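Peer 1: Position one of the sequence shown corresponds to residue 1 (UniProt numbering), numbered consecutively onward.
Among these hints, one or two may not hold up.
When the alpha-carbon atoms are kept at most 25 Å apart in a straight line, the in silico DMTMM-like pairs for lysine to aspartate or glutamate are as follows [to be verified]:
no. : residue 1 : residue 2
1   : 250       : 281
2   : 442       : 533
3   : 236       : 209
4   : 359       : 389
5   : 250       : 225
6   : 761       : 533
Just the calculated beta-carbon pair ranges, DEER-fashion [claimed, not checked]:
no. : residue 1 : residue 2 : range
7   : 126       : 63        : 43 to 49 Å
8   : 122       : 63        : 28 to 34 Å
9   : 63        : 716       : 48 to 54 Å
10  : 87        : 142       : 27 to 33 Å
11  : 771       : 666       : 16 to 22 Å
12  : 666       : 442       : 37 to 43 Å
13  : 482       : 586       : 34 to 40 Å
14  : 753       : 473       : 35 to 41 Å
15  : 148       : 318       : 53 to 59 Å
16  : 356       : 482       : 19 to 25 Å
17  : 771       : 381       : 37 to 43 Å
Please keep in mind that the hints were generated in silico from the structure rather than gathered at the bench.
All values reported here derive from a predicted model rather than from experimental measurement.
A virtual CB, placed ideally from N, CA and C, is assigned to each residue, including glycine.
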Amino acid sequence: MFAAQSKLFAVSMCSKISDMIRGQATPSSMKLQLIPILQYMHHDTSTASMVNELCMELLGSYPAVEFVRVTLSALSTLASATVIDVSGQVTLLLQYLHNDPRLSVKRHALHLLHSLARRGAHLWPQGALTNLIDSTTILLQDGTENTDLLIRTLDVIEVLSQSAVTCDANMEEGSPLLSLCVNACYSPDPFVAVKAVTILARIACYCYEEGLPAFGAQDVVSCLESLIVLLALDEKHLYQLKGCLRSTVKLCQAQPSHCTIFVDAIGATLINTSPEGGQSDGQMVALCEALGAIGSLGDNALLPLLPDILIKLKQTVHVHTKVMLCTLLFQIVAGGYEWNAECLEAIKKVVKSVDGWAKYRIARSAARYGHHRIATRIFYGLKEAVASEQLHFWLSGLQLVTSAESHLMEETEDNENGRKSGIVEKLNGAISRYASACASMKAASTPLRSLQFASEYSILRCEFLQALVQLLHSCRSLCTAPPPAIAVAVVLATKDDLQRYGRVTHQLRKSAQDLRSCAENYQKLYQSAFDADPGSLANIRALQEMCRLMANSVERVCGGVGVSRYRQNEGDFNFGDSVEMRQLARCCSEVRRLAPPLETEGGAISHLRVGCLISQVMLLAGGKMRLPIPRYFFQALQATSVKLSVSPQPRVLGEPVSVPQGSQLALKVEGVLRHGRRASLFRSVAAVCISISTVPPSKINSDQKDTNMNELQQTVTPHRDFFACEFLLSLGSPATGPSCNSNINSGGQYQVTASASILDKDGNVWKCGPRSTLQVKVHEEPTKRKLP
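My request is simple: use the sequences and hints to build the entire structure.
Peer 2: Below you can see the structure in the form of structure tokens.
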């Protein structure tokens, strides 16, 4: 391990270890322990070349199985680290695979080829894949004698098929790889058949994505259908079934026209499965997950399965399967349909027959697809059935959030005046519920579970609804508050022609400012959600887009600094491929369509243009838009936190750090990155940006307050999740170097704040780090104090 971390240690020890391995006095057992050290000698080219020559000598001198396996492992690891000799190592491993008769050596060679395949097919030499295909063809013809080697060889080819190089070289009809996989698809061994059809599906997906003809795609579809039906008959084939379903989903993503075929096949298999036939709950759940993934790719893809899903809900006894079937039902209705009595009754019966955790999962799925009325009933019953106070407030907050959204979706009167007054009442009711939900979220927060995202998401939604109410009142002021008599004088004084309309101009501009501020707050929430899944981030972007669209529409009517041709000629919105995100995209498109026209010359605040704003508000709050609650609101699939430590610290807690005037403060910031169970699932930490801000004391005769704040930044790369950096601050005296830009030359108590931001591998900045505050007192020299 020292050789892996230290280049100096590896170079200095390489010759000594080589002499010990070559020496006749060294016992064989010790040589077997020394050879693995050679795999870490990759720090420079000369050392790696010397180790490579030594290992090749060992392969010729020590043909025993143990020596061959250890030496090949060292060579493969060394080649993978240096990259320059991958092709030679692949050739060597293929020679041992073909020529060495020992089965353990063949298996180990395939294992090492599998690891080298992950480095990329572009590093393999020409003819290596053809050589591997030929050996696989021979193994396939031998039948069941070498099934283990056949599966391992197909594993290597499967990894290579993930590269575009492999797919491009083998996409022609009659190519050796296609012929091999077509023959292997009908193997009696399910492992072999699944591996072969996975390779074929990847090549077909590549052809679809590149716009090339996919030869044999129909055969791949037929083979996948057959395998899904056959593998679902026995619970011991669950792993292979999941592999087939993954290939099915990827094929549907590349070519949506296949969705109907696979929905029929998977749906029929799901309906026919039963515990009495040997199928397990895991198989039915896997089939439901595949249907959900395919259903999210296109509108109404699962609608033909609705009667079968209702029948299956009555028949199944597995709790997990019931939850998944309810999720499929929510997904179908979320495509733009209304609930009927039969579907509601089916959901109600399922909720009565399952335990509390299953009820929570059903309610969570309903909220994520925008069915808030169902979620409200379930959360209302659950909040009184928990023993923990925090869980009670959490469920109460969820019930209030879903109740607010379901209140917005209630039907209003048919006449226009009734709808307008009903919109205001619904918005006020939803705002009241959201305010109570924010209080419940705050009460449910604990040091271990802060619920920061859920609280801020609810607060921003409440702010947006308040902005919509204010916009409606501003629009009404066009009729209720006519222009004053001095309107003409105000126009001449301000040189603003829109001031002639009186109070409505100021009110509309204030509404536009509120909507812009709400959009900025959504952007801040986006930047703070480093651990959020892509769907949750897309949800935030969609809501931010709504705020921007509404702000731009208001500015078109009342003018203002920010009026522009915002997204006027752009295409459709795209927030993702899921059903709920497509609904939000359609809603944004409809809001943009209803926007008032942009008048370049002499724009007027007319009843027609104000009516466009009212139509937009009625669309957003009139029950036509189902707000899907993002997944990150309920659960985080990855967890990343930053812990900061700032030194020096005061000797007495609460007291400031004392610094003499004219001296500089050396500030050291240390930090540790902490990860959850799934680290770097969506994005990983590439660097940490540390910001130091210094706020000077407020002076009585000074007009500058916020402008005197100085800020320093430094970007550090964590090493084993630890990072440290140092700053030099000049407090109470002019700065003499680049360490600080302070121009303060007086004493007093300063506030130094250290904050951390995360940079991912794409260069995006995520402002989700903690803040640490340090009070620093600069002692003023008595001779320089000003007399009163």
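Peer 1: For a C-alpha distance cap of 25 Å, please report whether residue 250 and residue 281 respect it.
Peer 2: Holds: residue 250 and residue 281 sit about 24 Å apart, inside 25 Å.
Peer 1: Return holds or violated for the Cβ distance of residue 63 and residue 716 against the range 48 to 54 Å.
Peer 2: Check passed, 50 Å falls within 48 to 54 Å.
Peer 1: In this structure, is the beta-carbon distance linking residue 753 and residue 473 contained in 35 to 41 Å?
Peer 2: holds (39 Å)
Peer 1: Look at the Cβ atoms of residue 126 and residue 63 and judge whether their distance stays inside 43 to 49 Å.
Peer 2: violated (29 Å)
Peer 1: Looking only at beta-carbon atoms, does the pair residue 356, residue 482 fall within the given range of 19 to 25 Å?
Peer 2: violated (59 Å)
Peer 1: Is 37 to 43 Å respected by the C-beta to C-beta distance linking residue 666 and residue 442?
Peer 2: holds (39 Å)
Peer 1: Does the Cβ distance between residue 148 and residue 318 fall inside 53 to 59 Å?
Peer 2: 34 Å Cβ-Cβ, so the 53 to 59 Å window is violated.
Peer 1: Looking only at beta-carbon atoms, does the pair residue 482, residue 586 fall within the given range of 34 to 40 Å?
Peer 2: Taking Cβ atoms as reference, residue 482 and residue 586 lie about 39 Å apart, which means the hint holds.
Peer 1: Can you tell me whether the CB distance of residue 87 to residue 142 sits inside 27 to 33 Å?
Peer 2: At 29 Å between Cβs, range holds.
Peer 1: Starting from the hint 28 to 34 Å, judge whether the C-beta atoms of residue 122 and residue 63 obey it.
Peer 2: Given a distance of about 33 Å, which is inside 28 to 34 Å, the answer is holds.
Peer 1: Taking the CB of residue 771 and the CB of residue 381, does the distance hold inside 37 to 43 Å?
Peer 2: holds (40 Å)
Peer 1: Between the alpha carbons of residue 236 and residue 209, is the straight-line distance 25 Å or under?
Peer 2: violated (34 Å)
Violation of the numbered hints given earlier is confined to hints 3, 7, 15, 16; the remaining hints are satisfied by the structure.
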